[in-house]
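Enquirer: Take a look at the letters that make up each chain.
2 protein chains.
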Amino acid sequence: MNNNKGFFSLGDNYRVPLELFQINRDKLRTRLLSKLSSSFNNENNHHNHDNNNNIDNDGMIVILQGGLSPSRYDTDHEPIFRQESYFWWLTGVKEPDCTMILTEQEWILAIPHLPPDYATVMGKIKTRTDLQQEYGADRVIYTHELESTLDTILLSSTTSSSSSSSDQQNEDGENNSFETISTPTTRPRRIYVLKGLNTDSGMVYDMIPPLLEKYPRTIKRYDDEEDEEEEATGGEPLGQDHHRQAVVVDEHTLFPILAECRVTKSPLELALMEHVTQITSFAHTYVMRNIQPDGTMWEYQAESLFRHYTYYNYGSRIQSYTSICGCGPNAAILHYGHAGEPNSRRILPDDNCLFDMGAEYQCYASDITCSFPANGKFSTKYSPIYQAVLDAQIAVYQMAKPGISWMDCHKAAEASILQSLLQIGMIRLGGDDDNDGPRKTIEELVEMRLGAVFMPHGLGHFIGIDTHDVGGYLPDCPPRIQQPGLVKLRTARILEPNMVLTVEPGCYFIDHLLDSALADPLLSKYLCHEVVEEYRGYGGVRLEDVIWIPPTEGESCVNFTLCPRTISEVEYVMAGGKWPPMKDEAPELRRIRLTDTTVSPLGPPPSK
Amino acid sequence: MNNNKGFFSLGDNYRVPLELFQINRDKLRTRLLSKLSSSFNNENNHHNHDNNNNIDNDGMIVILQGGLSPSRYDTDHEPIFRQESYFWWLTGVKEPDCTMILTEQEWILAIPHLPPDYATVMGKIKTRTDLQQEYGADRVIYTHELESTLDTILLSSTTSSSSSSSDQQNEDGENNSFETISTPTTRPRRIYVLKGLNTDSGMVYDMIPPLLEKYPRTIKRYDDEEDEEEEATGGEPLGQDHHRQAVVVDEHTLFPILAECRVTKSPLELALMEHVTQITSFAHTYVMRNIQPDGTMWEYQAESLFRHYTYYNYGSRIQSYTSICGCGPNAAILHYGHAGEPNSRRILPDDNCLFDMGAEYQCYASDITCSFPANGKFSTKYSPIYQAVLDAQIAVYQMAKPGISWMDCHKAAEASILQSLLQIGMIRLGGDDDNDGPRKTIEELVEMRLGAVFMPHGLGHFIGIDTHDVGGYLPDCPPRIQQPGLVKLRTARILEPNMVLTVEPGCYFIDHLLDSALADPLLSKYLCHEVVEEYRGYGGVRLEDVIWIPPTEGESCVNFTLCPRTISEVEYVMAGGKWPPMKDEAPELRRIRLTDTTVSPLGPPPSK
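Chain order of the listed sequences is A and B. Note that the working numbering numbers the first sequence so that position 332 is 332, with each residue one more than the last. Note that the working numbering numbers the second sequence so that position 9 is 9, with each residue one more than the last.
Check before you lean on any hint, since a few could be wrong.
In this list, chains with the same sequence are indistinguishable; a pair is considered to hold if it fits within one copy or across any two.
[To be verified] Subject to a maximum C-alpha distance of 27 Å in a straight line, what follows is the list of computed DSS-like cross-link-like pairs (lysine-lysine): (1) Lys525 <-> Lys214; (2) Lys608 <-> Lys578; (3) Lys195 <-> Lys608; (4) Lys377 <-> Lys608; (5) Lys401 <-> Lys578; (6) Lys578 <-> Lys35; (7) Lys124 <-> Lys583; (8) Lys27 <-> Lys124; (9) Lys583 <-> Lys440; (10) Lys583 <-> Lys608.
Hints are computed from structural coordinates only; laboratory data are not their basis.
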């Protein structure tokens, strides 16, 4: 990575400005301070109704642990380190074993003090000055200096909280966005750490830096008004040290704020995500062109082509996720490609392929799925399923904009797919005679969750530093719905400007789901068993794009993806046609760069 | 992976027979039972000198935990699972979250009981019968059945230990290798688990299956005669249950035996290791041919070429270790290529390259380093350093055979390099005048550790399932020597038949080591400062092969590596010459397959 001009890159590739992380830090500062300010306001109003114009919070000290050096089991095999995502979002630091402190005034990077011998094995040891310049930190300290640094910060801010009016003005004399008072608060000083539930994995983020173990931890949220007295648990008994005596580690306030910061992307993040989605698109096209339609190729070879194209050409060293390269019946396995099913099938000439692969660049992810026939020609059996999924994407693009519920988008995709399945006779609406019950509408079938038989996953998810990016079910967001299909939706939020999401409708023929539906008295009568059986074992189709919800109210979504999508586009590319095509035969897919003459993929890597 | 005919493979590639793992299990059984038998003998002799022909051990129950499903921090990002190495060696099981029980009679695989929903996401749930066939297990149980299964084994073996004479004969009536008695021992029954130090990482293997937590653990080795009474710690108080009452978890006996089993390879392992070394050799050749000598290429692109060739052509999904692709001065950084230095330099036309990369196939590793000029032509400055390292390899091949000390091989390589450096005038022997002290021999300079200034790492290491394979410094092996260079040697053992090791001499110009040596009054006078300064910043050369110590006393080592090594070979290949060349201009390198007409690399992957 190069940082000479304040950017990160690998090779002659996209330059990610250091400023991206500065903007992220400022975003967190603003939101956290605003939260603290309003909480203090509330608290002060509660205590002191006659004095509600003189409010202060006690400032912010955030401490975050970076990812630790990995190793494989007990061995010295070290997988390539990938920074923890929250830490990356705030710092852009690519080395393991670091810690950061973020206050209103400073961001401090703490690094391990490496022995001289490290240089022999790992290369020149960067000085603190090197790293300060590389990452734009206000200060770089060694990990063993963390404690004394924190003590100094606590002491100075404790002292200053009784004389903070001037300190908390900017250098040019402007007041900060929160108000100040001239008397100290009596509540303990808080250190904000990150702890909270990842609603995709079900795991809790809880990487608390070891130096904080001596402090008690809060057991309630900062603004939990029901219980005003500070409750704390753990840590050593409060000691004699004045400033340390009055400190608690707050592990509740930061998480929802920091996660929410990541939900909407800054312009610099959007540009990077568009880039990584473009290179992922080009790589999918490269894979399509290099599929051998004669039955000599294996699924994993597609994965290898994708990895190589994105790494060789665009510096994507690791992928966003394990490639899913399913052909034939494997196309119906949603997360095919794992160690137990390692893309290990031969690609037969009549197979249909479902390739779900994404590059990562500078820790920002893309996530694209293409489906196509291995031999490059759509059959009469495959075409209607493919078109059904493509139409579902278009249905979503017609409605996805700020203010729209993602749950509604999901249901619209399901409705579109069911409508297509109705046309090919796989489902029916009933009402043919008195015994058949009343005729249903597509919307009623959606509510009966018939769509989840064919699309048992959510329509899409936030994407950013993580492929399944955070913030799907934060507090105060619409909750997860416990119904088939909907329960898999990774968020049910209302779309907001600058969210970035995948749109990935799919239609699959999965034995055990078909069996359940056919055995279900409520659903079975709306399935045409013969047509279902005709498609059993046929695999499935998924089309996945990355879209951006633009900032303007009422403006439609923008599709960052640049893949061939219509049947004629896919057949054209697989026959060796040029891509991008410089004409847009499906503007309803909202691929903004399809006819942009400045967008040009790098050629095939050398192979001799 | 395919198992239809009792083998594992990916694609149309090398088929690893299931039998490999059966042979491994039998090897452990034989060695562990032999150990237990001899320990009982000793113990019985100690207690009961008049009865030393009627000895029994209490049988073997080994329980091993497989690797657990990985995830990246708190997210649902799952890196590709790679089985833990000991578990792989015994089972070949590629799925996570398994456990094995190995007794004299049985090997039992315990698998997680997966919910039906798993099939939607991960594919058809394999039945116990499926897995029994796939892995050749005697029984497959669910993890929740582990406890009852273990209880049954303990109960039956406790019962049988008083009537085991017939049980412990083979079906054809032969006695097993240990002797039997007709009275039970009074010592507690032991369950053998793995715990011990990995001497490469400094970390302790300690993956004890959770179900064993209730048993006390031993705190001494099985045959530690100083303290005959069983000492145990941890676990619940001993209960009423007769057979459970008399059980301890032995975490000391198994480790050195199992690690030692992995040190020497079976014929099936050797064939697989030769294969993975061959494909790694071909990939290095592919990389050399595709180096762009015009300064447009970056180091990481070589990594990408290597990965792609080995995966696309040979099904090597993950690499043995992170690729080290250092050019110019980076060639002197021993483990260059990590996240902090991600092979991110442009390859300049006059750079010399040091590429250390290895494929892994079915969890067996290779590890090869090639060094060469980026433009394909050896300069007069580079040639003598390159030749010095090649000559050091040859010096090792001339002596490496059963019975020879690896430490002596290391010193021979150092001596060879110093001899070459003497010839180019970088070092001197002293003794020019009275003030210069006595003239030294090369061997004396080796003992002064002058060689470690230029080669600060060990000559090579065991290789197998781990790149740095286990067993380097087991108890009863020659200890690590705490001297420069030698302290980095990963083993100091006497070579034994069927060991597989890397031979990787190197010569580097590393600033801080040169500075230290130049400032060292003992070493400085044997360095020619001007010549040293001429090479400062020049990078380095390493040549690394994988060799096999053959079974016959006195027979020379065999080189599995098939890379171009002589200067003319490297120049020929980089100019597009055919490889392997079908003639051997350097038989002293002992590359056995160099002129084998049945060995033919797959061609370049498609790229259009």
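Enquirer: Go through the numbered hints given earlier and state which of them the structure violates, listing their numbers in rising order.
Expert: 1, 3, 5, 6, 7, 8 and 9
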